[in-house]
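Going down the list, the protein sequences come from chains A and B.
Position 53 (the first sequence) corresponds to 53 in our numbering; numbering is contiguous.
Position 224 (the second sequence) corresponds to 224 in our numbering; numbering is contiguous.
Hints listed in this document are in silico derivations from the structure and should not be mistaken for laboratory results.
Among these hints, one or two may not hold up.
Which bits of chain B does chain A cover? Going by a derived footprint, with three or more residues having C-beta under 8 Å, they are [to be verified]:
#1 36-48
#2 69-75
#3 102-108
Think of the CB as a built atom: it goes at the ideal place given N, C-alpha and C, for glycine as much as any other residue.
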Amino acid sequence: MAVMTAKWKVFADMLLNGDEQAAYQLVEEADSDSLTIYVEIMTKAMQYIGELWQKNRITVADEHLATSVCDFVLSQYSFPFKRRNTFSKGKIMFLCLEEEQHMLGSKMAAALCSEKGWKTRLLGANLPLEYALQQAAEWEPDVIGLSAALSYRLPLLQGYIDSLENLAFRPQVIVGGRIAGNYNVYKYGSEETAIFDSLHALDQWLDRSRGEVEIDGAS
Amino acid sequence: MEQAEYLPLPYFKIDKNYDILSMSDKSKQIFLIGDGFLSLIDEESQEKAKSNVLPSITENSVELNLKTKEKPLVAYQVNVHWYNGEGHVICHEAPEQMGMISGQLQKLRDRLEDTDFELLEKKEELENAVERVNRLSGPVIPLHESVAIVPFFGDLLPEKLETIKTGILRHLHDSTIDYLLVDFTAVGNISREGITKLEELFHTIRLMGQDIVLCGIKPQHAQAINNLDRLLDAKKVTSLSEAIYRYIG
Ligand code: B12
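All chains should be modelled from the sequences, with the hints used to inform the complete structure.
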């Protein structure tokens, strides 16, 4: 019997080759739920690409290309979920800390929330605190998700959490991204702050926080 | 190397323990240098540095994230050449433009995505509005136990007639209406496909047992309606008021 190469590895090769059609097809035909696609295919592929860089087999230029293709596939895959939020479970907003360009993860988190029926806004990469506060004050989301990958952004986190949690409408602040998986993030948050080391953790929290377990699509 | 300090690029001479033997002025100017060469390398690039910058690999080129005075992490292209146990290292910043272009592409993609989404929303809104207008373009107004009137408004296009048809049939079903006055006073153009739809509609109504009375027909509709008329042998009355007078009064 032929040995099957893991899907994420095949996907990673497609990303590095800039083959967005094949990559999208792989995801479409994966016959998995969104959570599995985001975590087991896309995230693993991107982490593998990071390993290849560590082994000096690819360059940052390759990483850029791979990111663009992955982002494209993610956009295309998650597009239909964007319209499912008429009867919404709540409002949730995602952003990356200032100077943080690693936005694929928060985009996946946002896509998952849309699919689960949340009104979702993705403010994207590199958002200075003052803009974050402004956007939050205007839209008044129930939940604000912060994302960071770069270790040196950690100290900044405290200020973000502090200011956002103290907004008059008291949003729930949640934190994720590579730093939440690799570093001790708890000391930068308050007792209310929720920290998720994976998308699975977020997924379960979303279900619990609204007393919802049965949701169409993602599970 | 003589006068390495004047090289226009960050240059280091190191030994196998990564101790810095000498460096260019540029190096001092750019990097945060602590104890040895490894001190300017990001923690998560250390392993990569150690397995790529070593005497057993005489010549190598590797990307590493370095700590500069301005930024805690910057991607650098690091070239090494070992000679007589000494490593000659030149660092140059990985092409900055690439990052910029990638960032711009990103922005464009985000923009396109938003536009896509906004367009989709607008399209949906528009379709809902059109549907609503269509529904209101042929309301069924009961005048009497046995008489109702349907004034048509605007151009009679197939989609509009389809919507109107649904409304009319729902109304006529289970009703006591014998006569349906169809008023053309406010009608603009009737397209060819519109005529076909009208024909269909009138057929269905008659099958349900109601008589159709056409009124308010303008000269420009006459030809089209006449053909229909022949087909359906519907009653025709000049004006709405006359129709009302005749069928109710
Ligand atoms: C792709 C990549 C890039 C791309 C990023 C493009 C983009 N738009 O995302 C580019 C090429 C632009 C890039 C640039 C840089 N990078 Co880079 N990059 C990576 C790489 C290879 C993969 C990152 C990734 O996409 N992962 C996949 C995503 C999906 O995973 P994730 O972010 O963890 O998200 C998951 C969860 O955490 C969760 N999640 C994420 N956010 C949130 C938020 C909430 C609220 C919740 C609940 C959950 C959640 O959801 C995801 C689902 O699984 C990593 C290596 C690695 N192992 O991570 C390096 C890495 C992160 N980069 C690194 C560095 C140093 C840089 C640069 C400084 C230098 C460089 N290499 O060019 C610049 C900095 C740019 C900047 N200012 O931010 C270092 C960081 C080291 C450190 N000490 O912190 C890493 C670790 C590589 C390394 N080993 O050196 N990088």
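Evaluated hints:
Counting residues of the segment 36-48 of chain B whose beta-carbon sits less than 8 Å from any beta-carbon of chain A gives 4, enough to reach three: the coverage restraint holds. Beta-carbon proximity to chain A at under 8 Å applies to 3 residues in the segment 69-75 of chain B; the threshold of 3 is reached and the given coverage holds. Only residues whose C-beta sits within less than 8 Å of a C-beta in chain A count toward coverage, and the segment 102-108 of chain B has 4 of them, enough to reach three; the restraint holds.
Of the numbered hints stated above, none is contradicted by the structure.
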